[in-house]
Each structure stands twice: as C-alpha cells, then as structure tokens.
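Visitor: Residue-level listing of the chains:
4 protein chains.
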Amino acid sequence: MVGKYKVRTDLAMENGEKYEKDNVEISGVVIHKSYNQEKDIRTTVVKIESEHGAKMMEKPIGTYITLEAPNMAVPDEGYHREVSVELAGHLKKLLPPNLDSVLVVGLGNRNITPDALGPMAIEHVRITRHIIREYGEQALGEDQVPMISALVPGVMAQTGMDTMEILQGVIAQTSPDVILIIDALAARSTKRLSCTIQLTDTGINPGSGVGNYRCGLNEESLHIPVIGIGIPTVIDAGTIVHDAVSNLLETLEESEIDEFLSELISPSLNGMCVTPKDIDETVERLSFTISEGINMALKRA
Amino acid sequence: MVGKYKVRTDLAMENGEKYEKDNVEISGVVIHKSYNQEKDIRTTVVKIESEHGAKMMEKPIGTYITLEAPNMAVPDEGYHREVSVELAGHLKKLLPPNLDSVLVVGLGNRNITPDALGPMAIEHVRITRHIIREYGEQALGEDQVPMISALVPGVMAQTGMDTMEILQGVIAQTSPDVILIIDALAARSTKRLSCTIQLTDTGINPGSGVGNYRCGLNEESLHIPVIGIGIPTVIDAGTIVHDAVSNLLETLEESEIDEFLSELISPSLNGMCVTPKDIDETVERLSFTISEGINMALKRA
Amino acid sequence: MVGKYKVRTDLAMENGEKYEKDNVEISGVVIHKSYNQEKDIRTTVVKIESEHGAKMMEKPIGTYITLEAPNMAVPDEGYHREVSVELAGHLKKLLPPNLDSVLVVGLGNRNITPDALGPMAIEHVRITRHIIREYGEQALGEDQVPMISALVPGVMAQTGMDTMEILQGVIAQTSPDVILIIDALAARSTKRLSCTIQLTDTGINPGSGVGNYRCGLNEESLHIPVIGIGIPTVIDAGTIVHDAVSNLLETLEESEIDEFLSELISPSLNGMCVTPKDIDETVERLSFTISEGINMALKRA
Amino acid sequence: MVGKYKVRTDLAMENGEKYEKDNVEISGVVIHKSYNQEKDIRTTVVKIESEHGAKMMEKPIGTYITLEAPNMAVPDEGYHREVSVELAGHLKKLLPPNLDSVLVVGLGNRNITPDALGPMAIEHVRITRHIIREYGEQALGEDQVPMISALVPGVMAQTGMDTMEILQGVIAQTSPDVILIIDALAARSTKRLSCTIQLTDTGINPGSGVGNYRCGLNEESLHIPVIGIGIPTVIDAGTIVHDAVSNLLETLEESEIDEFLSELISPSLNGMCVTPKDIDETVERLSFTISEGINMALKRA
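Protein chains in written order, with the numbering used here: chain C, 2 to 302; chain S, 2 to 302; chain U, 2 to 302; chain L, 2 to 302.
Check before you lean on any hint, since a few could be wrong.
[Stated by the list, open to error] Cut-off 30 Å, straight-line C-alpha distance, at most; resulting in silico cross-link-like pairs (DSS-like, lysine-lysine):
#1 C/LYS300 x U/LYS93
#2 U/LYS192 x U/LYS34
#3 L/LYS40 x S/LYS300
#4 U/LYS192 x U/LYS93
#5 L/LYS56 x L/LYS19
#6 S/LYS93 x S/LYS300
#7 L/LYS40 x S/LYS40
#8 S/LYS300 x S/LYS48
#9 L/LYS56 x U/LYS192
#10 C/LYS192 x S/LYS192
#11 S/LYS22 x S/LYS56
#12 C/LYS56 x C/LYS22
#13 C/LYS300 x C/LYS93
#14 C/LYS40 x U/LYS300
#15 S/LYS93 x S/LYS48
#16 S/LYS19 x S/LYS300
#17 C/LYS300 x C/LYS56
#18 U/LYS93 x U/LYS40
These aren't lab readings, by the way, just hints derived from the structure by calculation. The structure displayed is predicted, hence computed values, not measured ones.
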C-alpha cells in the first residue's frame, strides 16, 4: 500500500481549523481569538498544554501566536510598521526578563527566494554585541539594548552540517540568554501566504519551511529558550491538490481520499511548491517587517 | 454561470497531446516525433498549417519545435552543451539565409525568478554590433558572426510601455534582419518544467510566460521574422488542480468538471504559480544553455 | 610626447572650483551658492551662458544645480526624505509646465555596483503610463501625475547599440514631453562621493559616469528637453593620484606635472576606480532618494 | 606627530619585493621563483623561517605560495581550469595526509562586491559531510572525497561575533582535521588584482582583506591546521597615492615621505578602495577558479 499523503502546515492555527469546522473541543488545547478592527489584524493564540493536545494538533506543547494581517502582502510602509509594533508586543511577552544577550538566527537558503526570509531579515537586525563588548553599553547612547548577535547558518546541502551542530557550537562559545529563529514556513491555505506571522516558544521543528531541519531547534536541544518567528511563503503543491479534491469529494471517507491522492499526487508534484508570483518582492518587504519587530522588542523601555 | 476555467500552456505540443490521447487526427496539423537515444533528447515538431488547425491547437499558424531533455533540469555541463548544440541546429534552419544583423530580446521580469530566463540569457549572448560598426567585421577575427544586438525591455508594470512599442522603436532605428525573443513559458505538466525548449517561427504570443504581453510579438506586428525561444518554468496553480481533479473524475462530462472547477479554483489560486523548489539555480543554468545555443547558431560556418 | 593626463569630473561645480581658488571670474559663467543650515544642505547653481564659459568649464551651456548633503552617505531615512524634497523642488522648476508624459531613463550597467544607480532608481519610480492609457487618469485617484514611463537601456557592451539609438526609437513611438535621465557620475574629490546630487538641463554628456556614452543625450540630439540627474559614485584612480601629487608639487608648473603624471598614471591605473567600501549599500539607498524626489516632483499640486 | 602611513598588502611576495629591489637577502626568508611559459603562470614560494624573517616580511612564520596568472582577470574557461589544476597541486601538498574531514570557510561580506570572494566560492565547493554521515562513503560512488563541510560566518558588523568564536564553536562540534579559509585580499600593486592567488599554511591574519578580523585565524588559535587561500581584489586608496608619490620623490628620505603622506592621505582616502571597474563579474569567475581547485585537491587519487 502506498503511504498516506501527508498534508503539511507549519501553522498551528491551521491544524486547529479542522477541529473547529466540526465544532470539536480538544482537551489540552486552548484557542483564543481576537480582532483589531482599526488595524485589521486578527490574532489567534493556540496553547497546547498536554501530550494529548500535542498529538491532536501535530505540534509540540507550547504557545503559538498567529497574526493575520491581510495588507501585509502588499507594499504599504505604514501598515508594515503597525504589524511590526504588534509583533514586538507579543515578542516582548515571550522573552525572558532582564535579558543580557540574544542570538538571532536566520534559517533557510538565501538562494531560493521563498526560503530566503530568514537570511534577509537578519540583514536588518540591529547588531550590538561587538560594540558593547568593545566599548560598553554607554557606546549605544540612550538607545539601550542587550548584546545582540546574529547568524545565518545556511542549510545542510550548503554546509554539510546539521543546523543544530552549528548552533550548539556558537551557543557554547557566546552564551546567549535566548535565541530567536526566523524561518519561512509552509501553509495549507493560499490566503495565509505572505500575510501571517507565527510566533512560538517551541522553536522550529522538523519539516518546517522550504528546507528541512533534521532535529527540532528548541529549548530541549539547545538548552536555552528558543523563540520561533515565521511567515508562510509556500504551500506544497500536493496540498493544493489534496484540498481541492477533498472539497470535491466531501462525501467519501477521508481514508479513501488519502489513499487515492497519495497515488495521484506524489510522483509528479514532488519538489514542486506553490508560491505567489510576486514572492521575490514580498519576501524582501516581509524581512523588514520582522526585523523591525525584533528591533523594537529588544529595546529596553 | 461562472466562466469556464481556462487551462493554459505555452507549449504547442501539450495542446497536441489531448488529441493524441483520443487518437484524433486534426486536419491542418502535422506532428512529427523523433528520439535520440544516445543524447536522451526527444524532439517534437508541430506544424500548424491552416486556420482550422490553429483554432484546434489554440496557437497561431507556424512551426513549433520542442526539445525534451530530462537531464536539463540538473547541473551537468556536458549535457547542457549537447542541448545547446541541438538547439543551435534547429535554430539555424529557422533563421533567414545571409543574415547581416540580429536583435536578441530577453522578455520577462528580472526580479521574479521564474520569469528572469530571458533577461538572464541575454547576459551571455555574444554582442557584436557595436564592434562591427566601429572596426568592421575583421575585428572579430576568424570567429565571424552577423551584427548582434540585444535588449531587455522589461515588463509593462516596470516601463509603462507595451513591449511592442519599445521593439518597434528599436527596430526602426537599427533595422535588424530578424529578431530572436527569449521568454519563460507556462507548461501544463510538471514533467516539462525546466527540461523542455520550444522554438517557434510564430514569435511570442499573448498570455505567454509569467508576465503578460498584450499583443503578439510576431512577423505581422514587427514586420521582420520573429523567432521565439522559450523554456517552461511555471505552471498555473489552477492547472495543477484542474488536471488532478480531471483525472479523478474521468467519468464526468468535461463541461461539468469545468464549471465545477472554475468555481473551486479561481478565487484562491489566482496569482499563484507552481514552480520547482530549485528554480533560482535552474533558471541560471538554463539561461546559459539558451545563450550558448544562440551563440553557436549565429556563427558563420 | 605622451598625452596630457586628463582629470575628469562630471560635476560642473568641481570644474568651477579651480577658478574660485585663484579668485578668477569667468565671463559667461554665473555661480550662486547658498546653505541651508537646518538641513545641512549646500546648494550651488552654476549657469554657463556662453560658448566661452562652456569652454572654460568643459561643460555645455546650461544650468547645473548641485546639492551637497553630507549625511546622505549614511543610512538615515528622515534625512534622505529631506534631500528628496529638496531635489523635487529644483526638479519641478526645470520641468516644462503642463506636462502630459515623462520618460525616465536609468543609464548604467546594473552588474557593476557603482554604475547601477540609474537602473536601481528606475525600480522605485512610480509608473503610470499603461494605467492612464488603459483606464484614464481617474484610475489614479486623487494622486494625479502625468503618464510616466521608464526604460533601462543597458550599456553598449550589453546591447551593441548606442543608447541614443534606443532612446530615439522609444521616443518616436511614445512621444514623451520630457526625458529624465539618471546616471552615476565620476567626481574629482572623495568628499563628494555618495553625498552630492547634480541636476542639469543639459542632459548627459560623453564620458559621464562609469560607462561611456558616445554621444551626448540632450535636447539637441533627442529633440525634447532632457534633464540629467546624477550622483557621483566613483573617482578615476588616476585622478586621486593626480590631485595628491599636484598638492605636493604646487611649486611646479602645471604642464610639467601633467606630462610627468600621464607617464606615471596611465598604464597601471587604467580601468581602476576609487569607490567607498560600502558602495553596494549606499547605491541602494541613493537610488531611493532619487526616485522619491522624482515621484514627488511629478505629482500634480 | 602624525602616525606613519602604513602601506598594507596581504601578499607576502609583495613585501619581499622591496628587499629584492635593493638586492638585499634577508636571513630567515627563502624565496623561490619559477615560471611555466606554456601556461603563463608564475609561481613564487616565500618561506619565512625565523622570527627575524617574520619581522622583516611583516608576516607570520610559514609558507606562502603565490600564483600569478595574468589571464585569470579575463573570462577564459579553459585557462581558469588550468589555474584550478595548478592551485589543486599546491593545495594537495599543504594538506595533511589521510584526511577524514575538512571544513571550508568563506570569509568576507557577501554584500560588498570585492569582499564577496569567500562567500561566493563556498557556493561551488562540493559538500559531502551530511551524505557520508547519512549513507556512508559508498554513497559518493567512485568519486571519493573526505567529509567536506562549509561555513560562511559573516563579518563582525553582521554577526556581532568574532569569526574566531564562531569557528571555535563549529570546530568543537564537528572536529574537522583541517580548515581551509578563503578570503579576498588587499594588494599593493594594481597588476596583481584579480590575477594572483596566495596559498599559505599560516591561515588568515589581522587586517587581511576588505573587512577586518581582530585575531589571526591560524593553527595557534584554532588548534588544527589552517590553510588560507586568497585573491587580491582591492588596493587601499592611500596605497595608490603613496606608491605614486614615492616613485616621484625617490630622492627624498623614506621617513620624510611617510610623514608627509600620512597627513596628505589619511583623512580623505579613509574608507576608499581602488578596484577594477569589472570587479563584479571578475569575483564571480574567480570564485569558481578557487572552488574548482579545492574540489580537485580533495579528491582521493
């Protein structure tokens, strides 16, 4: 028998939607939604609190904050700034207090456009560690921040190393208090592409984004708190087909559809991704929205 | 009623396939296939010879030569050279004899990866017009070629002008004998992406590629022979779904499927394209394969 | 005898400085200077009014407005906006009244960083011609502007054509009322690099910038008003040496120095340019400052 | 008194030249030259064997192999391959025998063209560590090589970390037997730019290249053998002036010249570099020449 086709999304809130549709409450999962009409930003906080919840949601235990900001997909500097402010607010609450040093990591492959979000965002993060170490905090003037360092580790095909190995080595040498990891994500629905930010205290987990990370990058493996920040930029081509066909065949049993689809989808759509035509420009803008949010969140009040 | 969903391909041979499947011969269309086992290159020549054929094939009257070279999607310098040689051979036959001057045009948007094929290929075309005009042909040594000029006109959103206007202006000033236009195409089947070259004496026609050209760029509109050279780099996201679902529902009437699909597909997949994950690197390699083919074809024996 | 080494600058005001130093007034040249202390922008208007003045200044008859804004070389969004406002003000005065259509041209080679200013600036210019032609002016809402089109013609080594030929062709097809040409310039003094804008109604003249344009692009050759906008991004390596040595040998006759230098400088420094180490980032920022200035100037009050 | 202007070159052979000119032998320094007429490659091996030699040469004790290949500055694929072969031959001799794993590092700032040599070269190095660890050596077929990993650490302004810290961390995690570091260098003479490769077993030392590395990256600091591979892509603007003026004033005392020059040069030329106009394309080609040399050297016979 062919393997079940696995629809994949990195957004916890999308995994929650299938239960909502059926009006099913899952024990161990608390979902809270709010909408800021003025800013047109929809916020969903998913808290997975038990192993049962984790299994049902196919995501590790932890908090997932999702901002949906439809206008983020278009160029509007003022709006992007508002999203950055919103992001900064949530990020601040996830950060440990009395932070002395932060390592910001941009995952992904700079040479694959929809995967370049992390490396591009790193370029605009304000880096201060070398200045503070050389001249002390007062060198930064009134604009005080912790020691901020940054790394673009590259993907395994470029480095031959697990991202985990590189991060463990750099953490051992530089002892940051917390690590922020920026990555491009895969969504399930086209309407989420380029206009959704997910923030989570569970780090980055296998199969996320366009590339693949063999092991989870999280507090368990890196021994310091790990905050993941991601924006979906692609959908697996198979997912598009799966969802269209599922809608069509709602009357069939789910297992029948899956078996049928795994045969239909796998060979030809393998390695294909669905992405908006204007993704090159969009990723550049989004990389600023994220780095600005990080820069704001790290400023000491 | 919602409009019929329009499956779109720039490859004449793909439009031919639907008739082949049903073993239908179309009057006014001659299709000839051959396979070079040693090189693993499959060649399909579609000749559309009448208005009836043009209507059935949804392409203008003319000759369409398609090379399918599966290994072209991977990095193998020797193989790419063989494809360039093959391309050069066909191109030479389409070119007018006793050529004095050629204008090579790279269509598309350099900032959208799958659409950058044309602009990137132009970068490697050997340019000689300014040298011959300044120093005469002997300045080129033994390596004689006609006067070769090149232009990357940009797309309408970048220029505010129809590509047609720009080309008409430049042709009026520089009087080339023939124009070669390189463009990224849209295919229908994932197995054609990045490994198929279409060469045609009908130029480039509306709806081709990732961007849109309002008018056909062909001998009728430009008043000199126009040869189009293209490689499919994307598939419309709607097409992927259409074809998957069609396979599934073979028993339904085509018209039922179409009506159903146009409702299903249009809103969410609009502006989405399906493209291989490694398209950034692939387009760079393919741009060399094409420019090398052109450089070889233009050498005087 | 070896040819005299030719120190080259595209800035009219730099050619003026040698006369100022000696307190010499040149008939046919009027120079007016002002300084805005609050904005820290120094403005020099050089009017060359006679052939004698043109010969002495080594520049065609016309008006040259130079803005020196020292902070423009560093990233400060607010300051760049002020420079754009200043640029827009001067540009507005040079533009013909009741403008219906404008062609903006970005000269230079996109692949040579200090020469990429023109092509990069074009990417941020607001393009409207295709929208107004399709939907009428009201499609732009309250934000009315003339029909704006844009072109990046490339340099002769890339196209085989004179920029002149391309522009003449496009002008013939699209009939703009005025043409704005953006180009990277060569300066004589390092302190002018990246922080000086020259605006002139004489267009762009041979030997300007990093690349070379064989003929002047001006009202005489293009038959419509031509406004040149440039920022110096390089200095010829020979110029640096020339000026350093000249300072050193002030006591020698100029002609002795020149003869000596042409021997010393020419062979080894040919093809070398002096440029700030951070030119890649600087050119990107400056391209925005210019395009914003153009966008503001073209808005109908 | 103003500080002495410090002429800077990363090429040991250039530091040797001042002594050769005066026909001075330095104890502790052995220089051997050879010329391959057929290939037009000039090889200089400088061995610094004592502290005295190191002081005179202003470089650490060790071996410096310099290949001068004038045609390397122009695009000629065949010639570049020959240089790669030559480079591979020398590199093989410097590598420890029975190599199990190699870490290749590309220093420099990818966003500053003349400094991007290292990051660009890394893109073409064959990476095998992850494959061998997952599937064993036999997965590579006949084309056996050691475990090869690679890293682009970025420069301090981008990361906030010393390159040293990052490398120490990654070495601790992945235990390579040897580290190859690729970096863009600064030369003293324009005729060396883009056509000289220096190979040394002393690693990379402070002040090398366009960026700055606070500490030496060498066997002493990294505890494994470190081989530095560099190509000069820039000259300090001050050096150009210094050398031109020195030639001019040969009759003055060196100390007089230096004092005079430090006043003359420092303020205005600070942060300026001299670089060939075609450096963008050249660096891309050279990055292939180096990575090919490395790929050849690492193949097991």
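Visitor: Against each hint, give a clear statement of whether it holds in the structure.
Guide: Status of the hints after comparison with the structure:
1. C/LYS300 x U/LYS93: It is violated: about 41 Å lies between the C-alpha atoms, which goes past 30 Å.
2. U/LYS192 x U/LYS34: At roughly 18 Å apart (the allowed maximum being 30 Å), U/LYS34 and U/LYS192 satisfy the hint.
3. L/LYS40 x S/LYS300: 28 Å, holds
4. U/LYS192 x U/LYS93: Given pair U/LYS192, U/LYS93 holds - Cα atoms ~27 Å apart, limit 30 Å.
5. L/LYS56 x L/LYS19: Holds, because 14 Å separates the two Cα atoms, which is no more than 30 Å.
6. S/LYS93 x S/LYS300: Within the cut-off at roughly 10 Å; holds.
7. L/LYS40 x S/LYS40: Since the Cα atoms of L/LYS40 and S/LYS40 sit roughly 34 Å apart, the hinted pair is violated (cutoff 30 Å).
8. S/LYS300 x S/LYS48: Holds: S/LYS300 and S/LYS48 sit about 27 Å apart, inside 30 Å.
9. L/LYS56 x U/LYS192: At roughly 36 Å apart (the allowed maximum being 30 Å), U/LYS192 and L/LYS56 break the hint.
10. C/LYS192 x S/LYS192: 27 Å, holds
11. S/LYS22 x S/LYS56: 18 Å, holds
12. C/LYS56 x C/LYS22: 18 Å, holds
13. C/LYS300 x C/LYS93: With a Cα-Cα distance of about 10 Å, the restraint between C/LYS300 and C/LYS93 holds, given a limit of 30 Å.
14. C/LYS40 x U/LYS300: The given pair, whose Cα atoms are some 28 Å apart, holds under the 30 Å limit.
15. S/LYS93 x S/LYS48: 17 Å, holds
16. S/LYS19 x S/LYS300: 39 Å, violated
17. C/LYS300 x C/LYS56: 37 Å, violated
18. U/LYS93 x U/LYS40: 20 Å, holds
This entry does not satisfy hints 1, 7, 9, 16 and 17, going by the numbered hints stated previously.
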